[in-house]
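Given chain A, work out where chain B should sit, using these hints.
The listed protein sequences correspond, in order, to chains A and B.
For the record, in the first sequence the residue sitting at position 54 is 54 according to my numbering, with numbers rising by one throughout.
For the record, in the second sequence the residue sitting at position 99 is 211 according to my numbering, with numbers rising by one throughout.
Note that these hints are calculated values from the structure, not bench results.
Heads up, a few of these hints could be off.
Listing some non-contacts, in silico: residues in chain B with all C-beta distances to chain A over 10 Å [unchecked claim]:
1) Leu123
2) Gln129
3) His141
4) Gln156
5) Glu164
6) Arg175
7) Ser177
8) Arg179
9) Arg185
10) Glu194
Beta-carbon label-pair distances, calculated as ranges [as the list claims (entries may be wrong)]:
11) A:Ser73 to B:Gln129: 39 to 47 Å
12) B:Asn171 to A:Asp66: 42 to 50 Å
13) B:Thr165 to A:Glu57: 35 to 43 Å
14) A:Leu11 to B:Pro173: 28 to 36 Å
15) A:Ser73 to B:Ser182: 39 to 47 Å
16) B:Thr150 to A:Gln80: 45 to 53 Å
17) A:Ser82 to B:Gln153: 25 to 33 Å
18) A:Ser82 to B:Asn189: 32 to 40 Å
19) B:Gly196 to A:Ser20: 30 to 38 Å
Taking beta-carbon pairs under 10 Å as the criterion, some of the chain B residues facing chain A (in silico) [claimed, not checked]:
20) Val116
21) Gln118
22) Ser145
23) Gly154
24) Phe157
25) Arg167
26) Asn168
Owing to the predicted nature of the structure, the values given are computational and were not obtained by experimental measurement.
For glycine and all other residues, C-beta sits at the position ideal for the given N, C-alpha and C.
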Amino acid sequence: QKEVEQDPGPLSVPEGAIVSLNCTYSNSAFQYFMWYRQYSRKDPELLMYTYSSGNKEDGRFTAQVDKSSKYISLFIRDSQPSDSATYLCAMSGPWGAQKLVFGQGTRLTINP
Amino acid sequence: KAGVTQTPRYLIKTRGQQVTLSCSPISGHRSVSWYQQTPGQGLQFLFEYFSETQRNKGNFPGRFSGRQFSNSRSEMNVSTLELGDSALYLCASSLGTGAANYGYTFGSGTRLTVV
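Bound conformation, chain A alone (with noise of 0.2 Å):
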């Protein structure tokens, strides 16, 4: 079993739909959480970071931890065709971790 899983997809939505973006892991030391974002022959770009459990919001992206769970998710709100890309979630474990672990990472594509 990966530490990390994450639905390759790919998710196809349609323009202004809400986008849920889902990863699960079973390393309960994982304290950092991460979303990147990379588009296709791109380098993966951070999108979002927050730390150990609940809710971050940064303009139409949100991203929350339910760490009891081991659950992480990715909401876009009111999608836009410029957000077709690859989602890759990533973590690490306490302070001084030296490695992030992905998941394979979702391909979604908002079709206008």
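This is chain B only, laid out in the frame that chain A set:
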């Protein structure tokens, strides 16, 4: 401010050869981490270097090695290439070790194809 620079961008090698990839981090960043990205496995951690020392290593065979120079530039070497080594190799730059917690700045990667 210059980003993370990886060279070369594309590389084609034959089985059994060796290859060296280069990464120049953001100016002032002292930590360089390497990841392998494949469609089946996603992003997997190779190793992290900080102050010319390898601080952590992922579950890859000994054919994968690296080093870091005093100017923080890093090289990754893969010897005796196998077809399964075909992947996008990403370098990530950060200020200090343990900075996985900060999130990284990635380079654009080197796409290696082994034939």
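Checked hints:
no., hint, result
1, Leu123, "holds (15 Å)"
2, Gln129, "holds (24 Å)"
3, His141, "holds (14 Å)"
4, Gln156, "violated (7 Å)"
5, Glu164, "holds (15 Å)"
6, Arg175, "holds (19 Å)"
7, Ser177, "holds (17 Å)"
8, Arg179, "holds (17 Å)"
9, Arg185, "holds (18 Å)"
10, Glu194, "holds (22 Å)"
11, A:Ser73 to B:Gln129: 39 to 47 Å, "holds (44 Å)"
12, B:Asn171 to A:Asp66: 42 to 50 Å, "violated (28 Å)"
13, B:Thr165 to A:Glu57: 35 to 43 Å, "holds (39 Å)"
14, A:Leu11 to B:Pro173: 28 to 36 Å, "holds (34 Å)"
15, A:Ser73 to B:Ser182: 39 to 47 Å, "holds (43 Å)"
16, B:Thr150 to A:Gln80: 45 to 53 Å, "violated (29 Å)"
17, A:Ser82 to B:Gln153: 25 to 33 Å, "holds (28 Å)"
18, A:Ser82 to B:Asn189: 32 to 40 Å, "holds (38 Å)"
19, B:Gly196 to A:Ser20: 30 to 38 Å, "holds (34 Å)"
20, Val116, "holds (8 Å)"
21, Gln118, "holds (9 Å)"
22, Ser145, "holds (7 Å)"
23, Gly154, "holds (4 Å)"
24, Phe157, "holds (4 Å)"
25, Arg167, "holds (5 Å)"
26, Asn168, "holds (4 Å)"
In summary, the structure is inconsistent with hints 4, 12, 16 from the numbered list given earlier, while agreeing with the others.
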